[in-house]
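2 protein chains.
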Amino acid sequence: MKKEPQQNLHLIFNPKTVAVIGASENPAKLGSHVMKSLLQDDGFRGRIVPVNPNGGEIMGISSVSSVTEIKGSVDLAIVVVPAGAVPGVFQECGKKGVGGIVLITAGFKEIDDPAGAELQSRLAEIAMAEGMPVIGPNTFGIVNRTIDLNASFTPEFSHVERGGVSIVSQSGGISHLLAFMAMKEHVGISKIIGLGNRLNIDFAEILPYLVEDPDTQVIILYLEGLDDPRKLMDAARNTGGKKPILAMKAGSAESGNRASLSHTGSVAGRQEVYKAAMIQSGILPMESTEALVDIARALSLCPLPAGPRMAVLTGQAGPGMVACDTCERYGLQIASFQESTQAAINNLLPPLAIRTNPVDMGPAWYDSAAIKGIMRAAAEDENTDGILLLMMFASANRGAVSYLSDFLLDWRQKKPVVTCLVSPAGIWDDEVLRLERAGALVNLPTPERAAKVMASLWQYKHKTWR
Amino acid sequence: MKKEPQQNLHLIFNPKTVAVIGASENPAKLGSHVMKSLLQDDGFRGRIVPVNPNGGEIMGISSVSSVTEIKGSVDLAIVVVPAGAVPGVFQECGKKGVGGIVLITAGFKEIDDPAGAELQSRLAEIAMAEGMPVIGPNTFGIVNRTIDLNASFTPEFSHVERGGVSIVSQSGGISHLLAFMAMKEHVGISKIIGLGNRLNIDFAEILPYLVEDPDTQVIILYLEGLDDPRKLMDAARNTGGKKPILAMKAGSAESGNRASLSHTGSVAGRQEVYKAAMIQSGILPMESTEALVDIARALSLCPLPAGPRMAVLTGQAGPGMVACDTCERYGLQIASFQESTQAAINNLLPPLAIRTNPVDMGPAWYDSAAIKGIMRAAAEDENTDGILLLMMFASANRGAVSYLSDFLLDWRQKKPVVTCLVSPAGIWDDEVLRLERAGALVNLPTPERAAKVMASLWQYKHKTWR
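Chains A and B, in that order, give the protein sequences. Counting from 1, position 131 in the first sequence corresponds to residue 141 in the numbering used here; the numbering is continuous, with no gaps. Counting from 1, position 402 in the second sequence corresponds to residue 412 in the numbering used here; the numbering is continuous, with no gaps.
Worth flagging that the hints you see were computed from the coordinates, not collected in a lab. Misleading hints may appear alongside valid ones.
Intra- or inter-copy, both count: the list cannot distinguish identical chains.
Keeping only pairs whose Cα atoms sit at most 30 angstroms apart, straight-line, the calculated DSS-like set for lysine-lysine is [as the list claims (entries may be wrong)]:
no., residue 1, residue 2
1, K46, K13
2, K471, K424
3, K382, K119
4, K26, K471
5, K46, K382
6, K194, K105
7, K106, K285
8, K471, K285
9, K252, K241
10, K81, K46
Since the model is a prediction, treat every value here as computed from it, not as a measurement.
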């Protein structure tokens, strides 16, 4: 008996041999972009076999005219031939016994013409009969940064940093957006998966795979409309909260829905129903692409706070006030320091400073020992569950970040440290990035985003999502 | 009779001669940072006179021992001497008849010791008697990028781009944050003003000056607590809506308030009261530092939409759905195209595409004429008041932004074009920035922020702030 398609997913994501069916050298064809992706400098180290009936070399590699001609096993076939040719290709893949397929070609269920849906049904039958998992059709492909596999039509995905966040999306555009945001903000990515029309691999099938995937720490889902939302919710519930699953559901707008789905029932209601169902299933609903990336990054880097009590340490009073506002709005508390902590801080700052929590370290800008001492006292305080550290560069405080580095490196993973350390480009960036990569902090570009990220860590820990 | 202090504000912002009282070469003193700021490469072109009782040269400029020794008039005195020495300096400034003062020194009304407040009162008396406007005390200073005047202790402010946004803040930290955000996002700045303890120049005094200032197009206010909020609200109302005024009020958190103000009445209530009062006075309340910068930039670059009906043109369906969701949440409508527009678009896109608004231009990635034709049809449609254009880079659509450049440049300032054009660094950035600087579009990093900015332009136009 054939396996269920999802049992072969590990072959798609960790192939030794990849066939590109529809490989091309013509830059106007997606088959050329796919070849480029696989051949990126820092690229895939397995075997790549271009398949093209015209034969010859493609980008320096000998091609074969059919997947059945390849010697040895084929773990992944990337298919970029025109829609009408896909059923024949699927039959050959079945005959060859390929592990699984990424079907980039569009023109199936998503088009108005019912012939598209019929064609997709035929493909589903072939794939099911052969037990082949299929990502797509109508997808940009998949990326597994952990093994430098870029099986997509976007070679630039190979420049995303490696890490523990995996992205699963129903929209190629949103996958690209999230990946480019991740590049800009140095978020480490394991997998980027475009589900497209979901022939036989839908969210409910990919989720258990990623929850068991040792390279994935945090899962991002971007959803539009689901045929059977209950299947996803059940799949999420069955993971038992093993890893954080963040999801954004688009399509609250009437126009957006009109464009992509024929919907039933009240639109606003549906969005509410989705949110409630997600929370019940242990999926964290997110309101924006920005929040998706911010919070996934923090969850992949930070320990969770044991409670909601925050120390707010600032280089200037204003950003501290803004952070406190956001903390309280999202359910965090501003800690009351232990007496010994307050005494230590009072000893390190002049009386004119704001020394109770939040602590304005402004008067200690020049004073490495004072800044370190305040940080240590607040971090070690039994009444604090996390540290928000906010400081804007101001020339006179140029050294402040490096004063804290050793302590932050020693302290890492004990309590979460979320920062908003902002300077013009080229001043603090490298040091902050070094600390972030070492797991000593997570840095956000505004006090509000920093506080919101800390609140999300606590809400995840405390299962009080809202 | 002496003038009111605020009548001399133009001298502070447009001085010919600047005295730095407390100038220093010692990098541990703020007086050295102030000198550096004035002497930045692309720096102030007027006369700079360091004042220091020790005499000698400071950073290559001969100093004098007192402001009274300077020949010719002094328009601006920047004061960075210790608090106790400030009253004497003020008297000398009065004697000399300086135009106005930026008082950087701290240790006055903001400290616990009542001596601080007494000292500040004495300064206020001297300044009032002489009609001298005073920015500060307890401020980083002021910047007027329009004339390359950096009268602050942060030399890096000289690298902010020149433009029409002016920032007035009660917090030095938030001023620095907003200025660095502006640098990163290429927001053009005219003035950055740290009001500090507001000796005799408060929001109510600075606002009328900026509203009349020909170099300021959009005003950002960051507020914490005001002694007399009504004065600001009256001042705003008296400007008659001549320029957009955006304000963020911090201090909703109990802890933040505890830290900075003794407050009366209910905190949450106060925040609500502020918001309502702002709206009534024509000030646009903002919820985050990010929104402040995004919306100020758009207001300084974009024409306002005549109505709420948007064309949503996308390179991929997902970002279009997310933008539509945000549009409807913030009061925009997705336009129904005229028949001729729809016919033109149907002619340019294959039937399998989403061709009604939102329009998914995905199938036309390669087709310069189609992309331009769709854009033109949507822009010229009488049923559209603005264009949201969202496209994620994907290798195969590399040319898409340049296909649109000529049209966007021709079309500029007719209807607002707000975009979310996102690529890895170094691909689309330069072209997008060129178009933005030419006034052809405003680009935001996520679909949500793009749609929210467009909604804010409409809310400002329609006076339906919420």
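Now for the hints, and whether the structure bears them out:
no.	hint	result
1	K46 <-> K13	neither (32 angstroms within a copy, 72 angstroms between copies)
2	K471 <-> K424	within (15 angstroms within a copy, 50 angstroms between copies)
3	K382 <-> K119	between (60 angstroms within a copy, 28 angstroms between copies)
4	K26 <-> K471	neither (38 angstroms within a copy, 59 angstroms between copies)
5	K46 <-> K382	between (49 angstroms within a copy, 28 angstroms between copies)
6	K194 <-> K105	neither (43 angstroms within a copy, 55 angstroms between copies)
7	K106 <-> K285	neither (43 angstroms within a copy, 68 angstroms between copies)
8	K471 <-> K285	within (19 angstroms within a copy, 34 angstroms between copies)
9	K252 <-> K241	within (18 angstroms within a copy, 56 angstroms between copies)
10	K81 <-> K46	within (23 angstroms within a copy, 70 angstroms between copies)
In this structure, the earlier hints numbered 1, 4, 6, 7 are contradicted, and the remaining ones agree with it.
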